[in-house]
Amino acid sequence: MVRFVPTVCPYCGAGCGLLLVARDNRVIGTRPWQRHPVNEGKLCIKGWNAHEFIHHSERLTAPLIKDGQSFREASWEEALKLVASRFGEIKEQHGPGSVAILSSAKCTNEENYVIQKFARAVVGTNNIDHCARLCHAPTVAGLVASLGSGAMTNPIGDLEQSDCILVIGSDTTSQHPLVAREIIKAKERGAKLILADPRAIQLSKQADIFLQLKPGTEIALLNGIMKVILERGLEDKEFIARRTEGIEDLTNTVKDYPLEQVEQITGVKAKDIEEAALTYGQAERAAIVYAMGITQHTTGTANVMSTANLALLTGNLGRTGTGVNPLRGQNNVQGACDLGALPDVLPGYRSVTDDAIRAEVAGLWGVASLPSEAGLTVVEMLDAAAEGKIKAMYIIGENPMLSDPDTSHVKKGLENLEFLVVQDIFPTETAQLAGVVLPSACWAEKEGTYTNTERRVQLSRKAVEPPGEAVSDWEIICRLAKAMGFADLFPYTSAEEIFEELRKVTPQYAGMTYERLNQPEGLVWPCPTEDHPGTPILHVDQCSRGKGKFQAVGHEAPAEEPDEEYPLILTTGRVASQWHGGSMTRRSPTLNNEFPRSYIEINPQDAKKLGVVNGDLVTVVSRRGEIETDALVTDRIELGVVFMPFHFVEGAANLLTNPALDPISKIPEFKVAAVRVSKAS
Amino acid sequence: MRYGDTVRKTVQAMLEKGMVDEVLAFVRGVDERDVVPAFITDAAEAEKITVASYQPYSLASILADYGDKGKKIGLVVRSCDARGVIELAKRNQVNRDDIYLIGIECYGTVNPANAKEGEIYIFHDAMEVGGKKEALDESLLSANCRRCEYPVPGMADISCAIDGDGAIANTPKGEEMLAAANLKSQGSTVDASAMKERAARWQDKDFPNLGTDRQERLDYWLRQFDKCIKCYGCRNVCPLCYCKDCALDADRVWVERGRMPPPRLFHLTRLMHIADSCLNCGQCEAVCPMEIPLTRLYHQLHNELRSIFDYESGINIDDALPLGTFTEEEMKAGGVELG
Numbered sequence: 085m086v087r088f089v090p091t092v093c094p095y096c097g098a099g100c101g102l103l104l105v106a107r108d109n110r111v112i113g114t115r116p117w118q119r120h121p122v123n124e125g126k127l128c129i130k131g132w133n134a135h136e137f138i139h140h141s142e143r144l145t146a147p148l149i150k151d152g153q154s155f156r157e158a159s160w161e162e163a164l165k166l167v168a169s170r171f172g173e174i175k176e177q178h179g180p181g182s183v184a185i186l187s188s189a190k191c192t193n194e195e196n197y198v199i200q201k202f203a204r205a206v207v208g209t210n211n212i213d214h215c216a217r218l219c220h221a222p223t224v225a226g227l228v229a230s231l232g233s234g235a236m237t238n239p240i241g242d243l244e245q246s247d248c249i250l251v252i253g254s255d256t257t258s259q260h261p262l263v264a265r266e267i268i269k270a271k272e273r274g275a276k277l278i279l280a281d282p283r284a285i286q287l288s289k290q291a292d293i294f295l296q297l298k299p300g301t302e303i304a305l306l307n308g309i310m311k312v313i314l315e316r317g318l319e320d321k322e323f324i325a326r327r328t329e330g331i332e333d334l335t336n337t338v339k340d341y342p343l344e345q346v347e348q349i350t351g352v353k354a355k356d357i358e359e360a361a362l363t364y365g366q367a368e369r370a371a372i373v374y375a376m377g378i379t380q381h382t383t384g385t386a387n388v389m390s391t392a393n394l395a396l397l398t399g400n401l402g403r404t405g406t407g408v409n410p411l412r413g414q415n416n417v418q419g420a421c422d423l424g425a426l427p428d429v430l431p432g433y434r435s436v437t438d439d440a441i442r443a444e445v446a447g448l449w450g451v452a453s454l455p456s457e458a459g460l461t462v463v464e465m466l467d468a469a470a471e472g473k474i475k476a477m478y479i480i481g482e483n484p485m486l487s488d489p490d491t492s493h494v495k496k497g498l499e500n501l502e503f504l505v506v507q508d509i510f511p512t513e514t515a516q517l518a519g520v521v522l523p524s525a526c527w528a529e530k531e532g533t534y535t536n537t538e539r540r541v542q543l544s545r546k547a548v549e550p551p552g553e554a555v556s557d558w559e560i561i562c563r564l565a566k567a568m569g570f571a572d573l574f575p576y577t578s579a580e581e582i583f584e585e586l587r588k589v590t591p592q593y594a595g596m597t598y599e600r601l602n603q604p605e606g607l608v609w610p611c612p613t614e615d616h617p618g619t620p621i622l623h624v625d626q627c628s629r630g631k632g633k634f635q636a637v638g639h640e641a642p643a644e645e646p647d648e649e650y651p652l653i654l655t656t657g658r659v660a661s662q663w664h665g666g667s668m669t670r671r672s673p674t675l676n677n678e679f680p681r682s683y684i685e686i687n688p689q690d691a692k693k694l695g696v697v698n699g700d701l702v703t704v705v706s707r708r709g710e711i712e713t714d715a716l717v718t719d720r721i722e723l724g725v726v727f728m729p730f731h732f733v734e735g736a737a738n739l740l741t742n743p744a745l746d747p748i749s750k751i752p753e754f755k756v757a758a759v760r761v762s763k764a765s
Numbered sequence: 061m062r063y064g065d066t067v068r069k070t071v072q073a074m075l076e077k078g079m080v081d082e083v084l085a086f087v088r089g090v091d092e093r094d095v096v097p098a099f100i101t102d103a104a105e106a107e108k109i110t111v112a113s114y115q116p117y118s119l120a121s122i123l124a125d126y127g128d129k130g131k132k133i134g135l136v137v138r139s140c141d142a143r144g145v146i147e148l149a150k151r152n153q154v155n156r157d158d159i160y161l162i163g164i165e166c167y168g169t170v171n172p173a174n175a176k177e178g179e180i181y182i183f184h185d186a187m188e189v190g191g192k193k194e195a196l197d198e199s200l201l202s203a204n205c206r207r208c209e210y211p212v213p214g215m216a217d218i219s220c221a222i223d224g225d226g227a228i229a230n231t232p233k234g235e236e237m238l239a240a241a242n243l244k245s246q247g248s249t250v251d252a253s254a255m256k257e258r259a260a261r262w263q264d265k266d267f268p269n270l271g272t273d274r275q276e277r278l279d280y281w282l283r284q285f286d287k288c289i290k291c292y293g294c295r296n297v298c299p300l301c302y303c304k305d306c307a308l309d310a311d312r313v314w315v316e317r318g319r320m321p322p323p324r325l326f327h328l329t330r331l332m333h334i335a336d337s338c339l340n341c342g343q344c345e346a347v348c349p350m351e352i353p354l355t356r357l358y359h360q361l362h363n364e365l366r367s368i369f370d371y372e373s374g375i376n377i378d379d380a381l382p383l384g385t386f387t388e389e390e391m392k393a394g395g396v397e398l399g
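So the protein lines, in turn, are chains H and Z.
Sequential numbering of the first sequence, starting at 85, is according to the working numbering.
Sequential numbering of the second sequence, starting at 61, is according to the working numbering.
Rather than coming from a laboratory, the hints here were simulated on the basis of the structure.
Hints should not be assumed to be uniformly reliable.
Claimed, not checked - Pairwise CB distance ranges, derived in the manner of DEER restraints:
no., chain 1, residue 1, chain 2, residue 2, range
1, Z, 311, H, 719, 25 to 31 Å
2, H, 572, Z, 131, 49 to 55 Å
3, H, 444, Z, 62, 48 to 54 Å
4, Z, 128, H, 626, 58 to 64 Å
All C-beta atoms in this analysis are idealised placements derived from N, C-alpha and C, irrespective of residue type, glycine included.
Produce the entire structure from the sequences given, and follow the hints as far as they go.
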C-alpha cells in the first residue's frame with residue numbers, strides 16, 4: 085500500500101515540506117507538499133530527489149569495530165561496551181577535556197539536545213560543536229553583538245514584500261532555491277535587486293545592479309555604501325536616535341572609505357557602488373540576504389556586523405520586507421545551535437560561564453554540577469587532536485575529511501586520536517578512520533523536529549523503518565549513556581519525551597508542544613508560553629539587546645593574499661545538485677549525474693596565460709596541498725580569481741583551503757586562499 | 061449532507077462490492093486546507109475522501125508513478141485528471157479497462173497559500189470559504205483553471221455534482237458504478253455555456269498579452285527560461301511525461317549538464333514533446349519554484365495545434381496524437397513511399 089508521509093526536506097535551511105511516497109517499507113518517491121508555508125508545492129532538484137539515498141546499498145546496517153586495517157560487524161552490546169569503556173578510561177586518565185564531540189546539523193532538535201546533555205552531564209566537557217562553526221558561527225556572534233539575537237530577523241516569505249533586496253555572498257538560486265523564489269517574486273512585483281558576489285551567478289541575470297567584488301572585500305564595499313547613504317542624508321535619523329547606539333563610531337569609520345579607494349579594494353566601479361547605495365537607501369522596505377560569502381572569512385564576524393550596520397543605519401529592521409537575513413545551510417543548523425550543540429552555550433544560548441544558569445540546568449537534569457569553562461570549537465578540536473591534547477572524539481553525522489579546511493591537517497589530527505567513534509548513515513571518508521562506527525537512522529526513518537533558517541520549528545514524521553540494526557541517533561546516545569552508567573539521565577522512550585524536557589531549559593521553545601507543532605506552519609521561536617503564537621519578525625519595537633548597536637568595523641585583508649608564487653585567489657562553494665561532502669548526494673543518481681565531477685572555474689584571460697583550454701586537466705597547488713581537476717573556462721569568474729566546489733573527494737578543494745580563523749567566531753577562511761594553477765602533465 | 065456525498069457513496073459501494081481493488085483520491089491531510097492523495101482499499105475509509113477545491117497533484121500522474129499494475133483501480137477525478145488518464149491509456153501506460161473514473165465537477169482549484177482562511181469549495185457562480193458562501197473571486201483560482209473549458213468530466217465513467225445527488229453515467233461502466241451505489245443517473249444543473257465564456261475570457265486575457273510581436277514574445281519566454289533552476293519539477297509532475305528514460309535526464313547529455321540556467325533546449329524539448337496533447341492541468345506551473353508561467357505557453361501552443369489538426373486531447377482514447385502519428389497521406393505528402 086502506497087502512503088504519503090509529510091516530512092521536512094533533509095538538505096538546506098529553507099526547511100521545505102515534502103511528502104515521502106512509501107510503499108511497504110520502501111520510499112519510492114518524493115512530492116512537494118503544497119500546503120507547506122515555505123515551499124507551497126514547489127521543490128528544488130535536491131528536494132525532488134531526497135529519497136534517492138535512503139535505501140542505498142552502502143547504508144550502514146550494523147555497528148562496526150576496526151579489526152586491523154578493516155572493520156568487522158559487531159552487536160550493539162559489544163560495540164557500545166567498547167565505546168563506553170574507552171571513553172571512560174580516557175576521561176579517567178586524561179580528564180573530561182580530552183574528549184570532544186561533533187554533533188550534527190542534520191540531526192533533530194531532540195538529538196542535538198541529547199548529545200549536548202551527554203557531553204556536559206556524562207563526559208563532563210563543553211567540547212561540543214558542529215558544522216555551524218564552518219558556516220554561521222559569525223552570524224551567531226555578530227548579530228548577537230549588534231542586535232541581541234543571532235538569527236534571521238524576518239520570515240522567508242517576507243522577502244516578496246521588499247522594495248529592494250541586497251543579496252551578498254549567497255548563490256541563492258542554487259543553495260536556497262525556495263528562498264530565491266521569494267526574491268524572484270519580489271522582482272516581478274517591481275522590487276530592485278542588488279547582487280554582490282565574486283561570481284556572475286545565476287541571480288546576476290535578474291539583478292538590477294551587480295557588484296562583482298573581490299573575495300574578502302565585503303566590509304570595504306558595505307562601508308562605501310554607508311558613506312554614500314550618510315552623505316546623501318538617506319539614513320533614518322529618527323530610527324537611529326530612538327533605537328540605536330554608537331552612530332558616531334560608524335560615521336567616523338565609514339568616512340575613511342571614499343568610493344575611489346573602495347573601487348581599488350573591491351574591484352567594483354565607484355558609480356555602481358553609488359547606485360547601489362542610493363537604491364538601497366531610498367527603498368521604503370529593504371532587506372539584506374547573505375550566506376557564506378559574508379561569513380567564511382577571517383573577518384567573518386565583522387562582515388556580519390557590517391550588514392547589521394547597514395540595516396540599522398536605514399531603519400530596515402523589525403518590519404515586513406526588511407531585516408538582516410542570514411540563510412542557514414543545513415536543514416537543522418539553526419536547531420543544533422538553539423539546542424546548545426555549541427561549546428560556550430547551553431540550550432537557548434545561555435552561557436556556560438553563568439553560575440546561576442548552570443545551577444538551574446544541573447538541577448533540572450539531576451546532576452551535581454556542569455562544566456563551567458567554554459569548550460573547543462571544530463578547528464580547535466582537530467588542532468588539539470594533532471597536538472595530542474584531545475584523545476578521543478565522537479563524531480555524529482559529520483564528515484570533516486571533506487568539509488573542514490586543510491584536509492591533510494584534519495587527517496593528521498584524527499589519526500592521532502587514541503579512539504574515534506563515528507556515527508553516520510554511510511561509511512564516510514571520516515568513518516574510515518574510526519575505531520568504532522555506529523549506524524544511524526536517516527531523517528525518513530525517525531520522528532523529530534527541525535528548525536529552519538527563519539526559526540520555524542517543524543515536526544517531521546517517520547516514513548519507514550531504518551535498515552538492519554540502525555536506530556535513530558538519540559536512541560544510540562541513550563544506549564551509550566546507559567552503558568556508561570547514566571541511564572537515569574536518559575530515560576526517554578520517544579522524541580516527544582525529549583522535546584518535553586528540552587523546552588523546559590530552552591526559553592525560546594518553552595511554549596511549544598508536539599500537539600501545537602502538528603500543523604503545517606509549525607511554530608516560530610521565540611515562543612515563550614503555550615498560548616504564544618510565535619514570533620516571525622524579530623526586533624519589532626526594540627532590538628533583542630535593547631538598542632541596536634553600530635559595531636564600526638574596517639576592511640582587513642584576508643589571511644592569505646596572492647603573490648608571485650601563488651598568484652590566484654581560490655574561493656570555494658557549492659553546486660546546485662550536490663551537498664557538502666557528498667555522502668548523500670553522490671549516492672543519489674539523479675543528483676550526482678547532474679554534476680558528477682570536480683572542476684575549477686578560470687577566467688578566459690587567466691586560462692589563456694596558463695595555456696589552458698576548457699576541459700583540460702589542471703593541477704591546483706596551495707601552501708597546504710595539491711590536487712588535479714578539470715578546468716572550466718568561463719567569464720562567470722573575474723580575472724585573478726578561481727572557484728571550486730568542495731563536494732568531491734577526488735579533486736577535494738579543502739586540501740587547498742586555509743584554516744586561518746576569524747578570531748571571534750573561529751570560522752576558517754574557506755573563501756580566500758592563494759593558489760597557482762598549471763596544466764597537468 | 062457534505063459536499064461530494066455522491067462520490068463517497070459510489071466509492072464505498074464499489075469497494076464493498078469488489079468492483080475495484082483500490083481507489084485513489086484526495087483525503088484531508090494535517091489540517092483542513094491540506095489534502096493529500098491516498099490509495100483506499102477499505103470501504104469504511106471512503107468517508108475520508110474530500111472534494112474541497114484543492115488539486116496539489118495530478119492524480120493521473122500519481123497513478124502512473126505509484127499505482128499498482130494489474131489491479132482494478134478507481135480514481136476520483138476532475139476533468140484534467142480524467143483526461144490525463146485517457147492520454148496515458150492512449151500511450152499504453154495504463155490499461156483503461158482496469159481504471160474506473162469517478163468524475164467530480166470542478167469550477168477551479170486554489171493553492172492553499174492563496175486562500176488562507178478555512179476550507180474552500182469553488183462553484184460555478186459562488187464559493188464557500190470556511191463554511192461561508194461568498195461571491196466567486198476568480199483571482200483566487202489557479203490561472204489554468206480560469207482558462208479551463210471542461211468543468212464537467214464528461215470523459216469520466218460518471219460525473220458527479222459537488223453539491224446534491226446529481227450524477228450522470230457517461231459509459232456503460234459508469235452505469236454499473238451508479239447501479240452498485242443505488243444511484244440514478246440524473247442531470248446536473250451546470251450552465252456549460254457560462255463556463256465556456258469564462259474560459260474564453262481568460263484565454264483572451266492570458267494569451268495575447270505576451271505581445272503580438274514575435275521577437276517580443278520570444279524575448280519574454282527566453283527571459284522566463286533564464287530563471288529556470290532545472291529542478292525537473294515540470295517534467296516530474298506532467299501526466300504526459302511518462303518516459304522512464306527521458307531525453308532530458310542529465311546522463312543522456314542531450315542537454316548539457318551542470319549549466320544554470322539550463323540551455324534553452326531543455327524547455328523546447330519538453331514543449332515539442334507535449335504541446336500537441338497539453339491538458340492545461342496546470343501542474344508544471346504549480347510546481348515551478350521560479351514562477352515560470354509554463355502552462356500558459358503549453359496551453360497557447362496546444363490551442364494553435366488543436367485548431368490546425370482538429371484534435372482534442374484527453375477525450376477519446378482512439379484519437380491519435382497529431383504530432384506523434386503519421387497517416388499514409390502525410391507520409392506521401394512528405395515524399396515517403398511506403399513499400
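Quick rundown of the hints versus the structure:
1. Taking 25 to 31 Å as the suggested C-beta distance range, the pair residue 311(Z) and residue 719(H) conforms, at roughly 28 Å.
2. The hinted range of 49 to 55 Å is satisfied by residue 572(H) and residue 131(Z), whose Cβ atoms lie roughly 52 Å apart.
3. Distance hint check: the CB atoms of residue 444(H) and residue 62(Z) are about 52 Å apart, consistent with the given range 48 to 54 Å.
4. The given range of 58 to 64 Å is respected by residue 128(Z) and residue 626(H), whose C-beta atoms sit roughly 59 Å from each other.
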